[in-house]
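Chemist: Assemble chain X onto chain E, guided by the hints.
These protein sequence lines map, in sequence, to chains E and X.
Letter by letter, the first sequence follows residues 1 to 201 of my numbering.
Letter by letter, the second sequence follows residues 202 to 460 of my numbering.
Keep in mind the hints are simulated off the structure, nothing from the lab.
Hints are not guaranteed to be accurate.
If we take Cβ atoms under 7 Å as the criterion, some of the chain X residues that face chain E in the derived model are [stated by the list, open to error]:
{"no.": "1", "residue": "I341"}
{"no.": "2", "residue": "G344"}
{"no.": "3", "residue": "V345"}
The calculated label-pair distances, taken between Cβ atoms and stated as ranges, are [stated by the list, open to error]:
{"no.": "4", "chain 1": "E", "residue 1": "P40", "chain 2": "X", "residue 2": "K422", "range": "55 to 63 Å"}
{"no.": "5", "chain 1": "X", "residue 1": "S205", "chain 2": "E", "residue 2": "F120", "range": "48 to 56 Å"}
{"no.": "6", "chain 1": "E", "residue 1": "K113", "chain 2": "X", "residue 2": "K422", "range": "39 to 47 Å"}
{"no.": "7", "chain 1": "X", "residue 1": "F384", "chain 2": "E", "residue 2": "K190", "range": "25 to 33 Å"}
{"no.": "8", "chain 1": "E", "residue 1": "K113", "chain 2": "X", "residue 2": "E407", "range": "23 to 31 Å"}
{"no.": "9", "chain 1": "X", "residue 1": "I377", "chain 2": "E", "residue 2": "A149", "range": "28 to 36 Å"}
{"no.": "10", "chain 1": "X", "residue 1": "D379", "chain 2": "E", "residue 2": "K190", "range": "31 to 39 Å"}
{"no.": "11", "chain 1": "X", "residue 1": "K422", "chain 2": "E", "residue 2": "K115", "range": "28 to 36 Å"}
{"no.": "12", "chain 1": "E", "residue 1": "F29", "chain 2": "X", "residue 2": "C449", "range": "37 to 45 Å"}
{"no.": "13", "chain 1": "E", "residue 1": "A149", "chain 2": "X", "residue 2": "Q364", "range": "45 to 53 Å"}
{"no.": "14", "chain 1": "E", "residue 1": "T180", "chain 2": "X", "residue 2": "E407", "range": "22 to 30 Å"}
Beta carbons are placed, not taken as given, at the ideal position from N, Cα and C, and that holds for glycine.
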Amino acid sequence: MVNQWKLKEIVLMSILGVVFAVVYLLFFFIGQGIRNFLTPFGLAPFGYEIIFGIWFIVSIIAAYIIRKPGVAFTSEVIAAAVQVLLGSPAGPALIITGIIQGAGAELVFAATKYKNYRLFTLMLAGMSAAFFSFLWHLYSSGNIALAPAIILTTFIVRLISGALLAGVLGKWISEQLAKTGVLRGYALGKELQKKREQEAA
Amino acid sequence: MISSINPSIKAFAILVPGILLSLTFDMFTPLIYLLFVLVVTFGFSDVSFKRWMKIFAPFLLVALGFAWMTMLYTSDSFSGGRVLFEIWMFEVTTGAVMVGISLALRSLCFVALSLLFVLTTDSTKFMLSLMQQCKLPPKITYGVLAGYRFLPTFQNELQILRQAHRIRGVGRERGIRDKLNQFRRYSVPLLANGIRKSERVAIAMESKGFKGDVNRTHYHKMTVRKKDWIFLSVMIGSLFLVGFLSYCLGYLNIFGKTF
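Bound conformation, chain E alone (with noise of 0.2 Å):
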């Protein structure tokens, strides 16, 4: 896996992992703050499954540019990584959230052998990632302890959360990315590159 991988595109990995996961640090504090807002309304364990699909974005993200097996998983562990140098909350144990968030994304690309990356493939990993990663939460942080009707419903919502906030923003921000240039040698630019020939031929 690890010799199929440029340099290049390991240290893009890393670079994606330290920006998303000070992105993620923030969103922990937003969470926070919905949490607060809703709570008066009763909902407030719904304050974080709304913005749950940002935690999966890496993967998405890596994985739609770079179109390689591994990236997926790797980039999310990586993320969950440099967040516990920086200083997480959730303290080392958050690398295996990483890892089984990031697993669980890794194996709907895996499912397509690699080779579909439309925005459904996308969103079905982010909700892939969703559904591995509320089980470890059952676990891990004790929502077993929950109300059956709440945990179905906060499972819903962290479904919808990962289709939304790490399938479409992911290729939306990837996108973004592509049309400035800066991802020509990678997967993603050259496809998009591909693209332009076509249309002025």
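Modeler: Chain X only, in chain E's frame:
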């Protein structure tokens, strides 16, 4: 001293109790383990209390919110005991309060464990140790280190972007739509610059002969000594000890089952 423990071993020593703690749903176990972690942090490392508290304090509030939320939404299998009080449509029972406080203490344990690691570990040494002890490919470890180096420059770059916008008369935005627009105006150039830099660094590394060979020599040799193993076994062993203690006292609760 904790800062001289091998980083990979230290990570494991903190990871394993972190995972095992998630099994418990009583108040006693996480509380005692939290106290133990505090003793280790302040007794065996040179972490200053002020610095530690600055990071830890906000999470006291977070934990409080977490406890409160769990209390209100506890499932039936965990919320035994008599009703303590009612708020609006929620009935809070003694069982629910116990689970809420337990989960809050658990999350504080995670924070304390994480600070014990973060405040005593040099990130470069951590990466070197991951490569030498955990056999992570050098391509990845040096790639991550190269990316990690750019972190401080992002702040500087953000400032430059802001000034560039200002000088061109782009002010702060108010509405949600404008805010979204602003998000794009900052995030895309920041990321694009990061990507450019990462490409340059990768080319520089390769042009200087970095091939990512696994059989390479190391200037900084990371070793595992006896005291690393002692630290690992103390951190994990004491969790079992605490668990055993709370079992003897009749507190231990694993997934809603008391023993």
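Chemist: Confirm or reject each hint.
Modeler: Structure-based check of each hint:
1. I341: Holds - the Cβ of I341(X) comes within 7 Å of chain E, reaching about 6 Å at its closest.
2. G344: 4 Å, holds
3. V345: At 4 Å from the nearest chain E Cβ, V345(X) passes the 7 Å test, so the hint holds.
4. P40(E) with K422(X): 55 to 63 Å: 57 Å, holds
5. S205(X) with F120(E): 48 to 56 Å: Given about 51 Å between the Cβ atoms, the range holds.
6. K113(E) with K422(X): 39 to 47 Å: 42 Å, holds
7. F384(X) with K190(E): 25 to 33 Å: 27 Å, holds
8. K113(E) with E407(X): 23 to 31 Å: Holds - the Cβ-Cβ distance for K113(E) and E407(X), about 29 Å, lies within 23 to 31 Å.
9. I377(X) with A149(E): 28 to 36 Å: 31 Å, holds
10. D379(X) with K190(E): 31 to 39 Å: This hint holds: roughly 34 Å between Cβ atoms.
11. K422(X) with K115(E): 28 to 36 Å: 44 Å, violated
12. F29(E) with C449(X): 37 to 45 Å: 40 Å, holds
13. A149(E) with Q364(X): 45 to 53 Å: For A149(E) and Q364(X) the Cβ distance comes to about 51 Å; the hint holds.
14. T180(E) with E407(X): 22 to 30 Å: Because 24 Å falls inside the window, the suggested range holds.
In summary, the structure is inconsistent with hint 11 from the numbered list given earlier, while agreeing with all the others.
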